[in-house]
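S.K.: Next come the chains, spelled out residue by residue.
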Amino acid sequence: MNLTSNFDFCVELGIDSVKEIFHLAFKSEDRYPHNVGPLTRTFSGREFTINVRVLDDEDKPADLSFQDENHILFSFPFELQAQTADAPDPALSEILLEAQAAIPALLTAWDEDGNEVLGLSFFGTTSADVGITGLSGVPVVGVEQFRNAVHSAYEAMPVHSFSSGGNTINLYDGDRDATLEPPNAASPYEIEVALETHAGDEYLKVTAPIHVLIPVLPVFNSEYSSFGRLIFYRKVERTDSSITVDMTAEPASADLATTVELDTAHPALSQIQSQIAAQAIGMISAFGVITEPAFTETAARQLLQDEIAAYINTRRYPVYSPKSGDEDEPLSTPVGFLLVDDGVLAILLNRRSGTAANDSAPDNFLAGRELALAVGAAKVQEEIQAVIAEKFPGVGSDDGELIETPEGDAVLYELNVSLADPDEHGESEGHLWITGKTKVKIDCWWDPTVEFEGPVFMRAHREDSDEGCKLIIDAPEVGDFDFDQSCCDVFLEIIIPIAGWIALIVIEITIDKVGGEVAEDIANEQGAIIEPIPPVVNGIAEVTSCLTGIEVFRAGFVFPGELSIRRLSRSAEDLREMRRMPRPDP
Amino acid sequence: MTQKKHKPRSATAPAKAKTKSGQSPSKAVDSEPARTAKANPPGRKKPNDRDLEIKDEKTLSALGPQLNRLLNARPEIAAMLFVNPVLAMKEAGVKLSRPVTHHILSRLRHRPAMRERREKLEARLRKALGEVPRPNNPVWLSQTLFEKLQLPPLETRNLTPRYKPAHEADAEKRLQALRPRRTHRYPRLSSRPQHTGQLSMQAVPPPSARRLDLAADIPRPGPARHPPKRLSLEALYFYKDSDPIARDLLELAIIQRRGLRLHSRYSYRLIKEGKRRNVFRRWFRKVTLPEPESKE
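Quick mapping for you: the protein sequence lines, in order, are chains R and P. All letters in the first sequence, in the order written, are residues 1 to 586 by this note's numbering. All letters in the second sequence, in the order written, are residues 1001 to 1296 by this note's numbering.
Any given hint could turn out to be false.
To be verified - Restraint ranges, calculated between C-beta atoms of paired labels, are given here:
{"no.": "1", "chain 1": "P", "residue 1": "1181", "chain 2": "R", "residue 2": "59", "range": "44 to 52 Å"}
{"no.": "2", "chain 1": "P", "residue 1": "1143", "chain 2": "R", "residue 2": "398", "range": "52 to 60 Å"}
{"no.": "3", "chain 1": "R", "residue 1": "562", "chain 2": "P", "residue 2": "1147", "range": "37 to 45 Å"}
{"no.": "4", "chain 1": "P", "residue 1": "1243", "chain 2": "R", "residue 2": "398", "range": "34 to 42 Å"}
{"no.": "5", "chain 1": "P", "residue 1": "1170", "chain 2": "R", "residue 2": "398", "range": "19 to 27 Å"}
{"no.": "6", "chain 1": "P", "residue 1": "1177", "chain 2": "R", "residue 2": "368", "range": "50 to 58 Å"}
{"no.": "7", "chain 1": "R", "residue 1": "368", "chain 2": "P", "residue 2": "1106", "range": "56 to 64 Å"}
{"no.": "8", "chain 1": "R", "residue 1": "562", "chain 2": "P", "residue 2": "1090", "range": "56 to 64 Å"}
{"no.": "9", "chain 1": "R", "residue 1": "453", "chain 2": "P", "residue 2": "1155", "range": "40 to 48 Å"}
Said to hold, decoys possible - Take a look, some chain R residues computed to stay more than 12 Å from chain P by CB distance:
{"no.": "10", "residue": "57"}
{"no.": "11", "residue": "110"}
{"no.": "12", "residue": "239"}
Simulated from the structure, these hints should not be mistaken for lab results. Given the structure is predicted, the values throughout are model-derived calculations rather than measurements. Ideal placement from N, C-alpha and C gives every residue a C-beta, glycine not left out.
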């Protein structure tokens, strides 16, 4: 098993804990703004004011997943509100897009204010990196929108009564202009639109109610007046981002020429209608060019990708800052790896060998738990040697270490402690494998030299009280042997304490190096008050961690633990839930 | 060989110096086995150990090196010396007379000073109680204290005796220095509870009756309503200042616990066959006894 790769220590957190921290962190709106804008953008010559609201609630939760070894993929639901003052279709003057943005963040380390931090960086994010899913609200510009735009354009016209050569044409649109005389009695009553395709092109067919007054008809020398309809076609030009209808451009095709239908019969009706149609073309130009920013879904997605990438690619957020606490002993840069299949975030600390190029992901030693700390075998072995050197300074020398007890004396020449996996040495549990050589002093006989070897099992358990949690390192075990069996078990009394001290020192050093805190000693005990991992996440969340045990592998020690996470500050949402939102002054 | 310069050599101890100097104790040895043993050093030919017979302490002393060689040649037996040396020797083919057996057992069970103290305590208690003291028997202990000596029972439940440290304080101090320096890294976390966790190490090794501190001052517990039917050494500890006999019983019990536990023939067999767990059998991979003659 690879616990710490080329590092001394490793902390592993499950994805559920990472998500919990993320949700709490995301509530800190001062650090992670939920509302972006107003931003001003111009589309198709029209100025839009845009506001973006990023969501993370029960209905629309933000989320994250581990994308690959170095990237966390964040998923943010958001609403984008775009407003423009003069949309051709007033209904489109405010649109609300909803979508889910997936943005990868690189898990990396950097120096921030002198602290080496591990965090999430969006530096270099491009449009192509941003995924947009579940996009809705992109307006579809159809007949309805064209009808609204034409109505709107009608209202924008300065006049609706057009005179030329003594003839007057009233252009109606329902009762939108009540000043016209005679009042609208034409059919249709309102301007009607339809979309038709001719020769592969899309056309807007407009049928507008009109009234025609010809004071003196040539030849007949009489007045003619009639309600009727003006029918004309205008080509619809659609791009990815806009729709344009140029009302000034009469189609070239004779089939699509502007026509007039008048209700009052007359022998010269056909000539009259042709005359009025020719006159009406100029009148239609008064509608001008109607342009509507209208994004296709593809174009809208691209636009959002561009905007999100532009917003995020200069941002990074520190997450894990293992403060050394000791200026003389700085911690090396923490390096994070994501174990995608296992849903584990692994943070390696203190590179022991090689360079960043040699860094590799450790194995999953979390095993479904909330938290686990590991210390590599090489570091453990360092501490083992230190403990042996302090406890038995003479071991390894020619004279050995004289151990005197009331029951008998011995000279310890060799003592080696190595780590063993489960199933090694016939033991199902991981253990310390202790070997050594000692000369036992026996009165009135020659002193036998004993070469010994055997397993020592490390034990620890968690206890809880009002003061918090406590990890108690139990007396290491060598099986079910009874310490109090006889004087001969003094042998175990010599061997076992080594294992206890190894456990205590290795745990404390691990805590110290992963950024937790060994705050103070407990009175009259071999122990201390501890924070197994940093108790704060970048000033956002408070983490309470409790170690629950100790596991031994050939690759090192693992200390499993549990986490509870709570946010440090309150958000507007919290205050709302608590009904403690600030109220206006009475 | 352990040198005991400050003590006169026991008359019955093996003549270590003699043997080392090469003086053969052949006169005290059944001649044939001794020669056989010399002629067959370990690894060459298995000695005819059935013929090795030790009738007295002098012979034991003289045959020591050969006996060691014999045991070294049987490594599976050598570790069993720590279970019961007499049975191990017999298994190796050495015939021991009853006096020699008694000599070996009494020598190995305790170091001389402790043996002397034990004998003194046993004699004193036998005289006071009129029977052989059995302080490691909880039932006998209860009957003796509460029926024979009529001591008032004390409330000792939930009390912990004082123990002598198993190890020297200097080493503990050096080990303490290996622990990381205490830090206060997160002082500005105002909402932080006083602490979230503690780490502590249980007493290692665990308390053992062998290390009960007879000299410690302890408060006298209050009276109990009824005497217990079984009295453990940990409970007896709280009577040590109530009655001198109780104290002697406790000291004798501790000494007995400190003695080499010599397993019965039955227990020895179970251990040898792996049917009963034993620390030495489990841990001692190889036991090598010096062979002075072969070194020369």
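S.K.: Determine for every hint whether it applies to the structure shown.
M.R.: Outcome of the hint check:
| no. | hint | result |
| --- | --- | --- |
| 1 | P:1181 to R:59: 44 to 52 Å | 50 Å, holds |
| 2 | P:1143 to R:398: 52 to 60 Å | 55 Å, holds |
| 3 | R:562 to P:1147: 37 to 45 Å | 53 Å, violated |
| 4 | P:1243 to R:398: 34 to 42 Å | 51 Å, violated |
| 5 | P:1170 to R:398: 19 to 27 Å | 22 Å, holds |
| 6 | P:1177 to R:368: 50 to 58 Å | 38 Å, violated |
| 7 | R:368 to P:1106: 56 to 64 Å | 59 Å, holds |
| 8 | R:562 to P:1090: 56 to 64 Å | 57 Å, holds |
| 9 | R:453 to P:1155: 40 to 48 Å | 46 Å, holds |
| 10 | 57 | 25 Å, holds |
| 11 | 110 | 20 Å, holds |
| 12 | 239 | 56 Å, holds |
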